[in-house]
Structure formats: C-alpha cells, structure tokens
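Peer 1: Chains as they are written, first to last, in this note's numbering: chain B, -15 to 365; chain V, -15 to 365.
The set of hints was computed from the structure by calculation and includes no laboratory data. You may find that some hints are simply not true.
A pair counts as met if it fits within one copy or between any two copies, since identical chains are not told apart.
Said to hold, decoys possible - The calculated lysine-lysine pairs, modelled on DSS-like cross-linking and capped at a C-alpha distance of 27 Å, are:
1. Lys274 with Lys235
2. Lys26 with Lys158
3. Lys87 with Lys307
4. Lys90 with Lys274
5. Lys90 with Lys158
6. Lys274 with Lys299
7. Lys299 with Lys26
8. Lys235 with Lys26
9. Lys307 with Lys274
10. Lys307 with Lys235
11. Lys299 with Lys87
12. Lys26 with Lys90
13. Lys158 with Lys299
14. Lys307 with Lys158
15. Lys307 with Lys26
16. Lys235 with Lys299
17. Lys235 with Lys90
18. Lys90 with Lys299
19. Lys26 with Lys274
20. Lys26 with Lys87
21. Lys158 with Lys274
There are 2 protein chains.
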Amino acid sequence: MTAFAFRLDAVDGAARTGVLHTPRGEIRTPAFMPVGTAATVKALTVDQVRATGADIILGNTYHLMLRPGAERVARLHGLHTFMGWRGPILTDSGGFQVWSLAKLRKLDADGVTFQSHIDGARHRLTPERAIEIQADLLGADISMQLDECTAHDASHAAAAASMRLSAAWGARGKAAFGSRASQALFGIVQGATFPDLRRESAERLQEIGFDGYAIGGLAVGEGFDAMCATLDCTTPLLPPARPRYLMGVGKPLDILEAVARGVDMFDCVLPTRAGRHGQAWTWDGPLNIKNARFAEDETPLEPAIACPASADYSKAYLHHLFKAEEILGQVLLSWHNIAFYQALMARLRSAIAAGEFQSLRAALSPLWADQQARAQVEEAK
Amino acid sequence: MTAFAFRLDAVDGAARTGVLHTPRGEIRTPAFMPVGTAATVKALTVDQVRATGADIILGNTYHLMLRPGAERVARLHGLHTFMGWRGPILTDSGGFQVWSLAKLRKLDADGVTFQSHIDGARHRLTPERAIEIQADLLGADISMQLDECTAHDASHAAAAASMRLSAAWGARGKAAFGSRASQALFGIVQGATFPDLRRESAERLQEIGFDGYAIGGLAVGEGFDAMCATLDCTTPLLPPARPRYLMGVGKPLDILEAVARGVDMFDCVLPTRAGRHGQAWTWDGPLNIKNARFAEDETPLEPAIACPASADYSKAYLHHLFKAEEILGQVLLSWHNIAFYQALMARLRSAIAAGEFQSLRAALSPLWADQQARAQVEEAK
Chain B
-15 MTAFAFRLDA VDGAARTGVL HTPRGEIRTP AFMPVGTAAT VKALTVDQVR ATGADIILGN
45 TYHLMLRPGA ERVARLHGLH TFMGWRGPIL TDSGGFQVWS LAKLRKLDAD GVTFQSHIDG
105 ARHRLTPERA IEIQADLLGA DISMQLDECT AHDASHAAAA ASMRLSAAWG ARGKAAFGSR
165 ASQALFGIVQ GATFPDLRRE SAERLQEIGF DGYAIGGLAV GEGFDAMCAT LDCTTPLLPP
225 ARPRYLMGVG KPLDILEAVA RGVDMFDCVL PTRAGRHGQA WTWDGPLNIK NARFAEDETP
285 LEPAIACPAS ADYSKAYLHH LFKAEEILGQ VLLSWHNIAF YQALMARLRS AIAAGEFQSL
345 RAALSPLWAD QQARAQVEEA K
Chain V
-15 MTAFAFRLDA VDGAARTGVL HTPRGEIRTP AFMPVGTAAT VKALTVDQVR ATGADIILGN
45 TYHLMLRPGA ERVARLHGLH TFMGWRGPIL TDSGGFQVWS LAKLRKLDAD GVTFQSHIDG
105 ARHRLTPERA IEIQADLLGA DISMQLDECT AHDASHAAAA ASMRLSAAWG ARGKAAFGSR
165 ASQALFGIVQ GATFPDLRRE SAERLQEIGF DGYAIGGLAV GEGFDAMCAT LDCTTPLLPP
225 ARPRYLMGVG KPLDILEAVA RGVDMFDCVL PTRAGRHGQA WTWDGPLNIK NARFAEDETP
285 LEPAIACPAS ADYSKAYLHH LFKAEEILGQ VLLSWHNIAF YQALMARLRS AIAAGEFQSL
345 RAALSPLWAD QQARAQVEEA K
C-alpha cells in the first residue's frame, strides 16, 4: 500500500484528521466525496466540483456498467479520462444499487443476477467481476468489495448470514484484486445494528486485510440514534492506521456525529439531489429557496464560502430561477451544496487539528438536531 | 450618444467590423448576443457565457415583466445586479413574444393588452411602458422600441399599416426615452418583404433618430432567400455610422450572409435551444450528439475553440450524457454552441479586418448551404 499511505495528523476525542495519499493526489480527511453517479456529479462540470475543494469523487459501478458499459469506458481509457476528472475516484461495487434499483435480482452464493432498470437487460455481478469492472475497466483508485446490504430490520440470524456472505465475498474480492501498488481496495463491515455481528464482521475483514474499511448497511432506515449507536460500537473495532468510510452518509448532522466517532470518509447524493429540488444547506440549517420569503432577499446563501453559487447570487435570483424552472437554478444549488459540504469538512478538519472539535460540535450539533427534528415534524404534518 | 460611440474599423464589400462603445464595456462587431430569456442564458453561469467571448447578452422584456416582474427587478437593483452580468445588456421590447407566446392579445392604436402564458394574468404594453420597463426598471444598456411584428405573408396593405403603426410607436418610444447619456435606444425597421415599405420604414425611423437600427420581421418564416433579398434592399437604407441589428437571427449561414450585407449585431435562441436537445455546431456543420456513431468517438467537438465544452470532452462522453439524460449534457452543448457562435463572430471580424471576408464566405457559405439543404431533406422525409 505504498502509494496509499494514510497519515493521521491529529485526533480530538475519537475524531481524526489526516491525509490519504494516492497516486492521483491527496485526500484530506475527514473527506466528503461528491457522487458522480453516471460519470457526472449531476449538473456540474468537473471544474466546478474541483473548485469547491473536493479532493475525490465517487462513481457508481451499477450505473456505469449498464450505461455506457464498463468495457466501453475501458476502451475510452477509463473513467478519469472519460469524464475529465484528474483527481482520485472511488467506485462502489454496484451491490447497493442492485438491491435498491435493479429488477428481478436473484442472489446465489456465487453472486447476483439482475435486470437493468433502464432496459431490462440481464447482468451479473460476482465478487470477482465487481473488481474487474472497478479496478481494471473503470480504473478506480479505490475499489469496494461486493457486499450484500443487509436490511436494517433483519433478524439476528438473517443479518449474521448476510454479513458472513459479505465477508466471504470480501475474501474473494481481495483474492481477485491481489496486490496493487497504485490502486486500493476497501472491505465493508456489515451486521445491521447488532454489535456482536459488527465485531465479527470487522474481525473477518481484518483477517483478510484491506487498504481501508467501510461501514455499510447504515443510513438505510435505522434512524439517527441507531446509526450513532452502531458507529459507537464499530469504529473502535477498526484499525486506527487505515481510513474508515461511512457509505452513503449523509446530512451535515450525520457527518458531524460520525466524525465525532472516528469516521474519515463520506459520500452522499443528498447535496446534489436536494439542490436540484431547491433545498440549500447553510450554517443555520437547510432552506427551501422556492419559499416566497426569498423572493426579494438580496443576501447570498453563504457569503463566506468561496464559490460563486454560494456568494455571488442573491437568494432572490435563485428563487426566481426555481420559480421559472431554469436549469441554472439546479446547477447553482447543486454547486452551492457541494461547496457547503466541502466547507463543512474543512471546518471539521481545522477544528480537529486545533483541538477545538468538541466545541464546534457543541455549537453545531444541537442546532442541526433541532432543525432536523422540526423538519420531521413538518413532514409528518 | 457620447457614451455609445460606434467606431467602424474596416469594411470588406458591405461587411463591416468595428466597436460599439458602451458605459459597461465594448461590443466588438459583428456581435452575437446570447439570449438570456428569463435573466439567465439557459443552463449557463454568467462566467461561462463571458468565457466564450460574448461582449453583450440579450434579455426578454416579455418574460421578465411576467416573472419576476419589472418592478421587482428594479427593487433588486436592475437586471445586471439581479443576474450578475457585468457587461452590457440589450433588451427587446416584449412585442415579439406578445405575438408568439401570449394568450388573448388585443391590439389597439395605443398599445397591446395580453394575458400571461404562465398564469393568465392581464398585462399591457404601450410604447411608453416598454421604455419604462427596459430603460428605467430593468436598466438595459440598449432598449428597443415597441413594434408590431408583421407576418411574413401579410398583404402589402396590411404590412404597410403595420409598419406605420410601428413607426408611430417608435416616435412615441423615442419621446418617452428622451436623451440619455448612458443608455441607447434602437428603432426597428419593418415592412415584411416589400422593398418600398422597408424604404419608407427606414426613412421614418431616421427622421425620428435612433442610436441604432434593427431589422425586424425577418426569420419569421419567409425563408432564407427572401431574408437575403430583404437585407439586400434594407441595409443600404440605414445610416452607415449607426449599428445595425438583425433581430432573432439565426443559423451560422444566416449570420454569415447577413454580415455580408452589412449587419453588425445578432441574437438567437438557437445555440442554447439546440444545445439542450443535443445539436452541436461545428465548422463542418451541425451534428446530433445522440447519434450512435459518436458512442466511442474520442475527439472533442472543436479542439481549437478555447472553451472546456468544445475542447476538453470527447463526443463519446457528451453522447453518454445525452443518452443518460444528464443535465451536464445540456450545459456542455449549450456552452459549446455559444462558444462556437462567438468563435464564428471572431473569425468574421478578423476576416473583415484583413480584407479576407469574401474568401472566408466563399469557403463556408456553400458548405453550410449544402448542409442546410440536406437537413431540410432529412426533416421532410
């Protein structure tokens, strides 16, 4: 793992900050990876994404293997060249989308067969094929083992069986991946919300030996408290010298509390998806730009964030763009949200380095928790 | 018109190149103005538009008066501040969209009453109100008189009456506008395809006296040959020392042939509208990026055009974005097309300055005419 050295620079409680070195550049941790689903962070150019301070983006194997196809991307010189992103790329294994998007999926011990949600064509993923697609065809800097995402309300027996299948697939993935100087492979801890299963999973994966460890099967409906409790019992089981990646998370509050529990890497579609629908994050919490109260609001979303979408346009203008259903509104709010997430990560990194993480957490966490609670009340009305 | 001095630098046949000075910056002519319909050049940030070399953009009074409303834009410090465009802006008078978009329009000698196509609300435009909206509320650098767009197949009598109404409205618009040091007003020549009416219109407008002269009522279905013939008889009637603006035109071939006839300024939604639908212009003519032959085409659209959308992405990637219905595809093709149009204008300006316009025209015009003819055959199939 020479090219993928992970250097921890400071800790504050369980929170850590450091740098993951990769052949395509450094990843400052804690890091948020914008999601480039189908070879594009939705609505944004790579230059816009880069300008927010993102060090790494994520690509979705499921989407890319269906369209344009992994072999086609390989013929076009890999995902970096194809989409024009020069920094590191992490790809997921495709497993999660097979469970959430594909039709007629059929699991066997060897892998999973499924139909494309686009055209119904049959495809198959095995632990070995997931590695071939990610590392060989797409050319990912960091590949993920194929796993089964266990339902958050699975019984202990079902969660145990699922976790052991994922661990076995992890071993096969590692064997297929072998040892590579310029690419990394992460394993994925499963076990739903059962502490004993999370422990067994973490132990099995460390026996196999990965370049980093992801925590899967969270943010799938278990709720904020269960997620935090599961992190509380899982991150201490992971080797301190390896990066830890909480998959698919999340809202700013989720990230803050996961960083407090020692997580280093995150990805989530939320900032771009919410941005396309008019929701913008600010230090004071989220807002819906379509709300009439912004129609003549001359202030920008966050004047101190060095992104044109955050600082250069008034809320009144953004409100107008959404009322007029202009594409630029979706572009600017996606851009702002990614910039806000990167500003959040930078603030977390600085606070940890300065030993001020707990006071930052104390300032932000109750505010955001209160807003999240109020938003849930709103939704329930 | 001190702040709006128009300097002609070179002529080549009837083609001219020069600079229109405005308080917000210079406009190099021949100039193409990207259309910023509802306070946004669709899908593009102002920085992206500026980077293509556009000196000036156009705003649509009809769209802006309906949403967000001219008074609201004024309270938000005018269109430049609202949308973040620092260069000059020309606004149309709203008349053309009243004819093409509004519901239940009712024309009288004083003005026109119509219903919004958005919510059915009643609105009214008069020659005076069109000036108030453009010059006072939106803060346009160049305002257009309110006119009636005559149908291209109107009878001589109907076209004469319509043209005389427009001329009378031009006089009222000029009276309302008065004399301003830092804003300009253009009159609009009408008269359908009748040379005698175009002559009468040009004479009436010059008696009133405008800062520039637009040619209206073309590109409304009369066809390429009739448009050229009308330009042939119209541009010689306009004062050489004032800029000439052909409204709503057009395809690259239309622009090339209008420049050959002495036109200085253009606007058209075509590059952005076609871009959103997958059509890209190149020196070899237009192409549809969704065509399967581009699926593995590694070449960019135009490597020599200094725009990321033109030079940095392969056709294969753009093809993929359109097949996957990604917003970024619409962004990049809109951006490329605007960059291509600006590259065309730069090439025309250089050729005129170097006395090489006729040879450039001889190289491009037959190629593009042939392609336009073939495209029409395709459409007819």
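Peer 1: Taking the hints in turn, state whether each one holds.
Peer 2: Going down the list of hints, with the structure as the test:
With identical chains, the CA atoms of Lys274 and Lys235 are at most 27 Å apart within one copy only, with a shortest distance of 20 Å there and 36 Å across copies. With identical chains, the CA atoms of Lys26 and Lys158 are never at most 27 Å apart, being 31 Å at best within one copy and 47 Å at best between copies. Taking the shortest Cα distances, Lys87 and Lys307 sit within 27 Å of each other only across copies (20 Å), while inside one copy they are farther apart (35 Å). Within a single copy, Lys90 and Lys274 get their C-alpha atoms no closer than 42 Å, and across copies no closer than 33 Å, so neither meets the 27 Å cut-off.
Taking CA atoms no more than 27 Å apart as the test, Lys90 paired with Lys158 passes inside one copy only; the shortest distance there is 23 Å, against 74 Å between copies. In this assembly of identical chains, Lys274 and Lys299 lie within 27 Å of each other by CA distance solely inside one copy; the values are 9 Å within and 36 Å between copies. Proximity of Lys299 to Lys26 under the C-alpha cut-off of 27 Å is found in both arrangements, the shortest distances being 21 Å within a copy and 18 Å between copies. For a Cα distance limit of 27 Å, the shortest separation of Lys235 from Lys26 inside one copy, 18 Å, qualifies, whereas the shortest one across copies, 30 Å, does not.
For a Cα distance limit of 27 Å, the shortest separation of Lys307 from Lys274 inside one copy, 7 Å, qualifies, whereas the shortest one across copies, 30 Å, does not. Only within a single protomer do Lys307 and Lys235 lie at most 27 Å apart by alpha-carbon distance; the minimum there is 25 Å, versus 30 Å between protomers. For the homomeric pair Lys299 and Lys87, neither the shortest alpha-carbon distance inside one copy (41 Å) nor that between copies (31 Å) is at most 27 Å. Proximity of Lys26 to Lys90 under the C-alpha cut-off of 27 Å is found in neither arrangement, the shortest distances being 30 Å within a copy and 44 Å between copies.
Taking the shortest Cα distances, Lys158 and Lys299 never come within 27 Å of each other, neither inside one copy (49 Å) nor across copies (36 Å). In this assembly of identical chains, the alpha carbons of Lys307 and Lys158 never lie at most 27 Å apart, being 50 Å within a copy and 34 Å across copies at closest. Taking identical chains as interchangeable, the C-alpha atoms of Lys307 and Lys26 lie at most 27 Å apart whether they share a chain (20 Å) or sit on different chains (14 Å). For the identical chains of this complex, Lys235 and Lys299 are intra-copy neighbours only, at 22 Å inside a copy versus 36 Å across copies, given an alpha-carbon limit of 27 Å.
For a Cα distance limit of 27 Å, the shortest separation of Lys235 from Lys90 qualifies neither inside one copy, at 32 Å, nor across copies, at 53 Å. For the homomeric pair Lys90 and Lys299, neither the shortest alpha-carbon distance inside one copy (48 Å) nor that between copies (36 Å) is at most 27 Å. For the identical chains of this complex, Lys26 and Lys274 are neighbours both inside a copy (20 Å) and across copies (19 Å), given an alpha-carbon limit of 27 Å. Proximity of Lys26 and Lys87 under a CA criterion of 27 Å is satisfied intra-copy only: 24 Å inside one chain copy versus 36 Å between copies.
Taking the shortest alpha-carbon separations for Lys158 and Lys274, neither the intra-copy value of 48 Å nor the inter-copy value of 39 Å comes in at or below 27 Å.
In summary, the structure is inconsistent with hints 2, 4, 11, 12, 13, 14, 17, 18 and 21 from the numbered list given earlier, while agreeing with the others.
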